[in-house]
Amino acid sequence: MILAFLLKERSAKEMLKGLLPRLLPAGMEVRYMVFEGKQDLKHRMTRRLCCWPPETVFIFMCDQDSSDCLNLKAELVEQCPEATRDRVIVGIICRELGSWYFGDLTAVEDALN
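Position one of the sequence shown corresponds to residue 1 (the numbering used here), numbered consecutively onward.
Just so you know, not all the hints are guaranteed correct.
Think about it this way: if two alpha-carbon atoms lie no more than 30 Å apart in a straight line, the pair counts; the simulated DSBU-like pairs of lysine-lysine are [as the list claims (entries may be wrong)]: (1) K38 to K17; (2) K73 to K13; (3) K13 to K38; (4) K73 to K38; (5) K42 to K73; (6) K42 to K17; (7) K17 to K73; (8) K42 to K13.
Quick list of simulated restraints, FRET-style, between CB atoms [unchecked claim]: (9) E82 to R44: 16 to 22 Å; (10) N71 to A26: 26 to 32 Å; (11) E55 to K17: 17 to 23 Å.
Calculated directly from the structure, the hints in this document are not laboratory data.
Glycine residues also receive a C-beta, built at the ideal position from the N, C-alpha and C atoms.
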């Protein structure tokens, strides 16, 4: 199995690189596709999902920002090629993933107010 993460920003990749080795079994293949924000992810994701082996599971991670979680998730799944939809997991993490991870509590407080 290959876990292919489609990430909205580089900070998510850095978080996963520190976390996943503690959670996944040794030898699990992990790939990261980092985009330049949510619009870039939405625009380029369809092309990036082509030509992967059938044992690949795609995991989308992006933070909510001001979007409605359910609508954002449905929109991302709908944009996936039909052949990959059964292998796609979309996770809307939180409002400010980078701020939570890097401990910028002022940014977290601002996002939640």
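Hint check:
Pair hint K38 plus K17 holds up; C-alpha atoms about 20 Å apart against a cutoff of 30 Å. Among the hinted pairs, K73 with K13 is consistent with the structure: their alpha-carbon atoms are about 20 Å apart, no more than 30 Å. Only pairs whose Cα atoms come within 30 Å are accepted, and K13 paired with K38 is accepted, the gap being roughly 14 Å. A hinted pair counts as satisfied when its Cα atoms are at most 30 Å apart, and K73 with K38 qualifies at roughly 12 Å.
Our distance criterion of 30 Å between C-alpha atoms is met by K42 and K73, whose separation comes to about 11 Å. Note on K42 and K17: the hinted pairing holds, with a Cα-Cα distance of about 23 Å set against a maximum of 30 Å. Between K17 and K73 the alpha-carbon distance is near 24 Å, which keeps this suggested pair within the 30 Å criterion. Taking the CA atoms of K42 and K13, the gap is about 17 Å. The hint holds against a cut of 30 Å.
Between E82 and R44 the Cβ separation comes to about 18 Å, which falls inside the hinted range of 16 to 22 Å. Look at N71 against A26: about 38 Å separates their beta carbons, and that is not inside 26 to 32 Å. For the pair E55 and K17, the supplied restraint of 17 to 23 Å holds, since their beta-carbon distance comes to about 22 Å.
Violation of the numbered hints given earlier is confined to hint 10; every other hint is satisfied by the structure.
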